[in-house]
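Novice: Based on the hints, put chain B in the right spot on chain A.
Protein chains in written order, with my numbering: chain A, 8 to 511; chain B, 1097 to 1598.
Don't read these hints as lab results, they were simulated from the structure.
All values derive from a computational prediction rather than experimental measurement.
Among the clues, some could well be false.
[To be verified] Below 16 angstroms or equal to it, Euclidean Cα-Cα: the simulated EDC-like pairs (lysine to aspartate or glutamate) are:
id : chain 1 : residue 1 : chain 2 : residue 2
1  : A       : LYS510    : A       : GLU280
2  : A       : LYS462    : A       : ASP371
3  : B       : LYS1266   : A       : GLU454
4  : A       : LYS390    : A       : GLU465
5  : A       : LYS390    : B       : GLU1130
6  : A       : LYS510    : A       : ASP204
[Stated by the list, open to error] Sample of chain A residues facing chain B (criterion: CB under 8 angstroms; computed from the structure):
id : residue
7  : LEU405
8  : MET416
9  : PHE422
10 : GLY433
11 : ALA440
12 : GLY453
13 : TRP487
14 : ALA489
15 : ALA496
[Said to hold, decoys possible] The following residues of chain B were derived to be distant from chain A, with all beta-carbon distances above 12 angstroms:
id : residue
16 : VAL1149
17 : GLY1276
18 : GLY1370
19 : THR1376
20 : GLN1466
21 : TRP1476
22 : TRP1501
23 : LEU1505
24 : GLY1517
25 : PRO1540
26 : GLN1592
Where a beta carbon is used, it is the ideal one built from N, C-alpha and C, also for glycine.
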Amino acid sequence: MFESLPLLSVLIWLPILGGAAVLAVDRLGLGDVRWWALGISVLTFLLSVPLWMGFDTTTADMQFVERVPWIQALGAYYHLGIDGISMPMILLTTFMTVLVVVAGWVVIQYRPAQYFAAFLFLEGITIGVFAALDVILFYVFWEALLIPMFIIIGIWGGPNRVYATIKFFLYTFLGSVFMLVAFIYMYIQAGSTEVADFHGLPLDMTEQMLIFLALLLAFAVKVPMWPVHTWLPDAHVEAPTGGSVILAAILLKLGAYGFLRFSMPIAPDASAELAWLIAVLSLIAIAYIGFVALAQSDMKKLIAYSSIAHMGFATLGFFIGFLIYVSTGDVQGAAFGIQGGIVQMISHGFISGALFLCVGVLYDRMHSRNIADYGGVINTMPKFAALMVFFAMANAGLPGTSGFVGEFMVILASFKANFWVAAIAGLTLILGAAYTLWLVKRVIFGEVANDNVAKLQEANPRELWVLGIVAAPVLILGVWPAPLIEVIAPSVENLVEQMMTSKL
Amino acid sequence: MMEALQDHPVWMAMPAWMVLSSLVAGLLILVLGEPYQRTRVVINLGAAVLKLVLVGFMLWGVGQGHDFEFRLPLLPGIDLYLHADSLSMLLATLSAILWLITTVYAIGYLEQSPNRCRFFGFFSLCVAATMGVSVAGNLFTFFLFYELLTLTTWPLVVHRGVSVALRAGKRYLAYTLGGGGIFLFGIIALYALMGDQVFTPGGFVDPDLPPALLIGIFLLLLVGVGVKAAMVPLHGWLPQAMVAPAPVSALLHAVAVVKAGAFGIVRLVYDVYGLDLVATLGMNHVLAIAAAITIVWGSLRALQASDIKQRLAFSTVSQVSYIALGVGIGSPMATIGGLVHLVHQGLMKITLFFCAGNLAETHGIKRVDQVDGMGRTMPWTMAAFTLAALGMIGVPPIAGFVSKWYLGLGGVENGQYWVLGVLVASTLLNAAYFLPVLRRAWFPRADAPDRGPGIHEAPLSLLIPTVATATFALGAGILAGMPFSPLQWAQFIGEQIYGVAP
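Bound conformation, chain A alone (with noise of 0.2 angstroms):
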């Protein structure tokens, strides 16, 4: 049934156009707009189901590809397909969005058939970026995310929100402006627009180093990575509950996927020169930000700085792998590092964006971050507070859940390339149970902290259903990964094989 129909342009175009669709319905007064997002996002759901169960884990190939000529002079196709490593990140991206629409339901008064069609538009061109295998495409894609993203902060965002959507959007903006720099030499190198053979341009070092250099300012951007982070806080805590939500779950994936799809097989000596670096920059990141997120006191920054912790180990997993395979030629550990980093970030995909979804329930009641502010919740919200203690465990890496899993393979894998590399990434099993587990007990535990806690209403079934249904996922993935690795697998390792094959 699926055969005949080019899933990927209709799970990106599908809430694109459904997007404007709600704008009409509003326009036109042809209903609540909030049932029209809602089904127009579940569809996308149902749709994207048939990538995971169609989906052949015995290659690496580009799979459900599409391939049409679109801009003639450049020799650009319109290129979409997806192996093991995007297929994940586009089924998180619909999952992600139903619950968003859903966890805004009652609580968007202002404009909220905009809202809702920002998030559509947001989710299409997020699976554009995660779909595309041209890179100009690709470009028009990852570009168009700061705009729906820009509105949602701008616009729904608290009262510094102008601050922080100027500071996102030049952070990411000049960081892209690097990648386009590189695209537009190696598209004159290579006279073609392909990521393929992108990835087949024989380049020598000094090359290799600059184009590696450039893609990395993109990428750590959207990581983010230590130091250009700081623009990531600052977001959190102006975005909605939503926009929080998506940011932490998908967009940062975005940065780390860029590192997979381009900078690692594009450059592969430069990225193997240059391991060390990141990995220090992500031992930096999870190390370093884990006591900043220590000192937080709004909970929407420590999630922040926890989420740039974690995806430190994104990042270290992935170059951890260079670094194994130079000092013991350990192809197996290599894979396995790369592995872990993307469990890590499907798992902080559904992990923090959780949080997000906790605090939000929060923030509706009492209208405040600040985590002096709570006390107690436990008492007042008992069947939500059980959910969030979860997520919080979750969060830091407790066995069980999928936060494990990644941490786990990520830390196995840097011991085979250095102790001291684990030692320091070991150091966030207690740091991040540390700020995580301290957050929880000011706020959940203890004794009803002021009136307002004693006044709060247990979560309704509509918030609940939502923390319960992403629960789902951190808890199979934590007890059984392997269907998911499964299909990571054989993309990683052809990855690998990339890696290890020098262009010099």
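Specialist: Below, chain B alone, put in the same frame as chain A:
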């Protein structure tokens, strides 16, 4: 027919069924909801009986040399691996028997108290985790269940929800999660060096690796399991965790959690590093000395404690290290003494905690100086208490004597005469903190408050479990020579470790 049975996948996956029987029961109870008390009790007792039956089959099967194993690939090159060997069955059988008894006790103890659904749900999950620890076949699996045990016991520690319980819970989590983190780091180091290895008698660690590295990893792992085994100075959580309801203290803090730690030490020495490598690295002395210090220190603290449960908790700190001592001495006799104490201490200590629960529940007695004359008021409870306390001291023919006898023999066998000194000191201290309780109970001072005539025993649902475990403690000592007694089983394990009958 037996041949066919032996290879049948359902039969071979027995360890998984064993874990699942309490895991599923726990989850069912958690989602069941508070009002359905009868259904809850049926599920709980049904699962406990089912587990006992499964354990019985397995005990027979392991004795016959059947290979029970279950493997599920989790990560590339890392499996969830369950495997039942004779050592597994020691902990599994103990937990299965005591789970049934404690459940009966807990149903009586928590009658009419709120949140029973949550209590019994997590209680069953704890047992599932303990079962998992016992049948874990590699370090990764061991770690998963070990951490699950931490998480599922925490709601039980803070069950009452009062601030002292929350404080205890915080300390409990800080110790156990901290220890878990260190443990995980050690495990990751071993996985990076050795890959996914199953527990092998004689160890699987490559002895040619740099000794400093091996010692470092050993210490990380030892700290990880030492926290739950409450070895000094990692014991700080245990006395505080006594704020939990009595059945929790009885089963979990006297048996499941600390035994999971002690069991981890046994696994670490015999099946991960192997006795020879541990001795080459000199780590057996570290272990033995740490155990000896813990034994004496725990007893001294017990002497000072005036709260009955506190005293019992420090006694646990002290007694559990007998197991580590036996492992550390490293001679066959001492090993048997240590292993058998895993069971013996469990039987005696659970009796003592049941008694403490009976005293608190029936007469509100919590401190040692309140037990004056209780022998007359609660004869059965105090008789059980007396029997278990004497067993702890090491009076023959109660179970504790057997353990001490073998430990002493083991020390002599290896020429480590200082072990006798530790045993004597510990025995004296045990006597010093238990005998005053017994004297007050049976021979009250003249100025003690008069409790009036007549017997006011605890309800039968509390009394029967108490008497049952006391009888087991006595039986394990008297019938130590019978097949399938704890001692015989420990000798069976010892034969497998050392390859010869000691």
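Novice: All hints, please: hold or fail.
Specialist: Structure-based check of each hint:
Straight-line distance between C-alpha atoms of LYS510/A and GLU280/A comes to about 13 angstroms, which keeps the hinted pair within the 16 angstroms bound. A threshold of 16 angstroms between alpha carbons decides the hint, and for LYS462/A with ASP371/A the separation of about 13 angstroms falls inside it, so the pair holds. Proposed proximity of LYS1266/B and GLU454/A is supported: the alpha carbons are some 14 angstroms apart, at most 16 angstroms. Distance restraint check for LYS390/A and GLU465/A: the Cα-Cα separation of roughly 7 angstroms lies within the 16 angstroms cut-off, and the hinted pair is therefore satisfied.
Proximity of LYS390/A to GLU1130/B is assessed by CA-CA distance (about 14 angstroms); at most 16 angstroms being required, the pair is judged to hold. The suggested pairing of LYS510/A with ASP204/A holds, with an alpha-carbon distance near 13 angstroms, which does not exceed 16 angstroms. About 7 angstroms separates the beta-carbon of LEU405/A from the nearest beta-carbon of chain B, less than 8 angstroms, and the hint is met. A distance limit of 8 angstroms between C-beta atoms decides the matter here; for MET416/A the minimum to chain B is near 6 angstroms, and the interface restraint holds.
A hinted interface residue such as PHE422/A counts as satisfied when its beta carbon comes closer than 8 angstroms to some beta carbon of chain B; here the least separation is about 3 angstroms, so the hint holds. About 5 angstroms separates the beta-carbon of GLY433/A from the nearest beta-carbon of chain B, less than 8 angstroms, and the hint is met. Taking 8 angstroms as the C-beta cut-off, the interface hint given for ALA440/A holds, the closest approach to chain B being about 6 angstroms. A least Cβ separation of about 7 angstroms between GLY453/A and chain B falls short of the 8 angstroms threshold, and the interface hint therefore holds.
Interface hint status for TRP487/A: upheld, as the beta-carbon distance to the closest one in chain B is roughly 7 angstroms, under 8 angstroms. Look at ALA489/A: its Cβ gets to within about 5 angstroms of chain B, closer than 8 angstroms, so that hint holds up. The beta carbon of ALA496/A is positioned within 8 angstroms of a beta carbon in chain B (closest approach about 7 angstroms), and the interface hint is therefore held. Distance check for VAL1149/B against chain A: the nearest CB is about 26 angstroms away, which clears 12 angstroms, and the non-interface claim stands.
Against the 12 angstroms criterion, GLY1276/B falls within the reach of chain A, whose nearest CB is about 8 angstroms from its own CB. Listed as outside the interface, GLY1370/B is consistent with that label: its C-beta sits roughly 22 angstroms from the nearest C-beta of chain A, beyond the 12 angstroms cut-off. Consistency note on THR1376/B: stated as away from chain A, and its beta-carbon is indeed over 12 angstroms from all of that chain's, at 22 angstroms minimum. Against chain A, the non-interface label of GLN1466/B holds: every CB pair exceeds 12 angstroms, the least being about 30 angstroms.
The Cβ of TRP1476/B lies farther than 12 angstroms from every Cβ of chain A, with a closest approach of about 40 angstroms, so its non-interface assignment holds. Remark: the non-interface label on TRP1501/B is consistent with the geometry, its nearest Cβ contact in chain A lying 40 angstroms away (cut-off 12 angstroms). Every Cβ of chain A is farther than 12 angstroms from the Cβ of LEU1505/B; the closest lies at roughly 40 angstroms, confirming the non-interface assignment. With a closest Cβ-Cβ approach of about 38 angstroms to chain A, GLY1517/B is found to remain outside the 12 angstroms limit, as its non-interface label requires.
No beta-carbon of chain A is positioned within 12 angstroms of the beta-carbon of PRO1540/B; the least distance is around 41 angstroms. Interface exclusion of GLN1592/B from chain A stands, the closest Cβ pair being 30 angstroms apart, more than 12 angstroms.
Hint 17 alone, counting from the list given before, is not met by this structure.
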